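Q: Line by line, the protein sequences are chains F and C. Taking this note's numbering, I'd label the letters of the first sequence as residues 7 to 204. Taking this note's numbering, I'd label the letters of the second sequence as residues 709 to 959.
A hint or two may mislead.
[What the hints assert, rightly or not] Mimicking SDA-like on lysine to any residue, the simulated pairs with C-alpha atoms at most 25 Å apart in a straight line are:
1) F:Lys155 <-> C:Ser934
2) C:Lys815 <-> C:Ser934
3) F:Lys183 <-> C:Phe927
By construction, these hints were calculated from the structure, which means they are not laboratory data. As the structure is a prediction and not an experimental result, all values here were calculated from the model.
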Amino acid sequence: MKPLVSVLIVEPSEIICNGLKSILEEAGGYNVLAAMHDASMLEERLPAVRPDVLIVNPTLLSSTPRQQLAALSQLRPSMPIVALVYQYVERPLMDYFNHIIDIRQNRSSILSTISDALSATKEKPVKQEIQENYELSDRETDVLVLVAKGLSSKEIADKLSISVHTVNSHRKNITHKTGIKSVAGLAVYAMIHNLMED
Amino acid sequence: MMRLKNVKQKTYQHINTSTYQHIPIMFTAKMKLADIVAANHNIILVLPRFGIPLGFGEKSVGEVCKAANVPVDFMLLICNLYTFDDYLPDINQLATTDMSMLVPYLKASHSYYTEERLPHIGKHINHIASRIEEKYGRVLKQFYADFRKEINDHFLSEEKIEFPKLLSLQQGVRKCRTAKSYSEKSHEELVDKLNDLTQIVYKYLPGNSLPEETMELVFDILQLSSDIQKHALVEEKILIPYINWLERSMK
Chain F
7 MKPLVSVLIV
17 EPSEIICNGL
27 KSILEEAGGY
37 NVLAAMHDAS
47 MLEERLPAVR
57 PDVLIVNPTL
67 LSSTPRQQLA
77 ALSQLRPSMP
87 IVALVYQYVE
97 RPLMDYFNHI
107 IDIRQNRSSI
117 LSTISDALSA
127 TKEKPVKQEI
137 QENYELSDRE
147 TDVLVLVAKG
157 LSSKEIADKL
167 SISVHTVNSH
177 RKNITHKTGI
187 KSVAGLAVYA
197 MIHNLMED
Chain C
709 MMRLKNVKQK
719 TYQHINTSTY
729 QHIPIMFTAK
739 MKLADIVAAN
749 HNIILVLPRF
759 GIPLGFGEKS
769 VGEVCKAANV
779 PVDFMLLICN
789 LYTFDDYLPD
799 INQLATTDMS
809 MLVPYLKASH
819 SYYTEERLPH
829 IGKHINHIAS
839 RIEEKYGRVL
849 KQFYADFRKE
859 INDHFLSEEK
869 IEFPKLLSLQ
879 QGVRKCRTAK
889 SYSEKSHEEL
899 VDKLNDLTQI
909 VYKYLPGNSL
919 PEETMELVFD
929 ILQLSSDIQK
939 HALVEEKILI
949 PYINWLERSM
959 K
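Please model the entire structure based on the sequences and the hints provided.
A: Below is the structure:
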């Protein structure tokens, strides 16, 4: 039997903590640790609780979120950090996260966001911040094909059961890697790489 | 006439001493046109749009403009905008500049793009497309055809809406306000597509047997893209503020 994946939730609302906890525990395979209601002691707690996944409400991060997130990944390089969002969060702050759970997502897409996050960190070597992977990942390729077919981010999110935030972050990476911004240009890219059925 | 000249000088003084202190020099009418071209070779491309022929020797901008019957203050406005990235003429300067050539200048730019550059690039694209696998050639040609349609529609809409609006305002007639508001975003999208085209052409086209022509094509597209970006600045920093100012001052 696979070892349980331990999850640390950092979120002020008791209701949301327990809701997420019950979704994960009912799905099986997860061990949800006692939630933290603020992020001020996070760096100190992390080495002791050793979670495999950190799910954090971005609004709880310090006034220098980038530094705090970097410090957290340094403490546990293999631990993905997933944002938990239910209110308006500034765009630049969201851009620090590759994986985002919106509480309006349904049960199965929440679970797939978390497993995506886990497999993404597993694929990458430890020094992921510096080392850049220039080729499109499988997930990015999936998103690219749907963009090339003319689907909106919302439609892609529904189709792949991931959040719109995650789709947009994939789209940003695709443009960053290929240098192509327009949908028409991405469609040509997809054709040339034989990603589209004729 | 004298009074107008004084006003103009004041405006320039104002700009030189306060607003644009960080710009070391701007082009002036007394400079040699050849020196201005040496400072920014892209200015060569705008001369025909003013009807200024090559072969100007050592003449100053003022002399060349006078001979070609071009308002020198307007010509300098364009040259400065083409050269200094953060140059933003204020409304006083626009108000005191002879803008009679603005619409003819912009129309000449449009026809330079649609009648010369775009067909030229299209010829290269067709040729390169004919030498690669048929289905790749087809998507490349389709992308370019769509782009040309988009840019033509964009120019046509300006020629149908903004240009006539300005011309009638310049004659003192205020047309009723059109519903459509001018969009800077479409310039950005056009430039993005040109950039995408260069990426596709030099990074992703497979089995290309025409490397020299492909490189030429990439340079042609990059040149066009940077010219269109300057053209967009002329419309965004001169045409639209000037139209808005004329409308306000006619109320």
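Q: For a C-alpha distance cap of 25 Å, please report whether C:Lys815 and C:Ser934 respect it.
A: 18 Å, holds
Q: Given the hinted pair F:Lys155 and C:Ser934, is their Cα-Cα distance within 25 Å?
A: The given pair, whose Cα atoms are some 30 Å apart, is violated under the 25 Å limit.
Q: Hinted pair, alpha-carbon criterion (25 Å max): F:Lys183, C:Phe927. Please report holds or violated.
A: Measuring from Cα to Cα gives roughly 22 Å; hence the hint holds.
Hint violations for this structure: number 1 only, all remaining hints satisfied.
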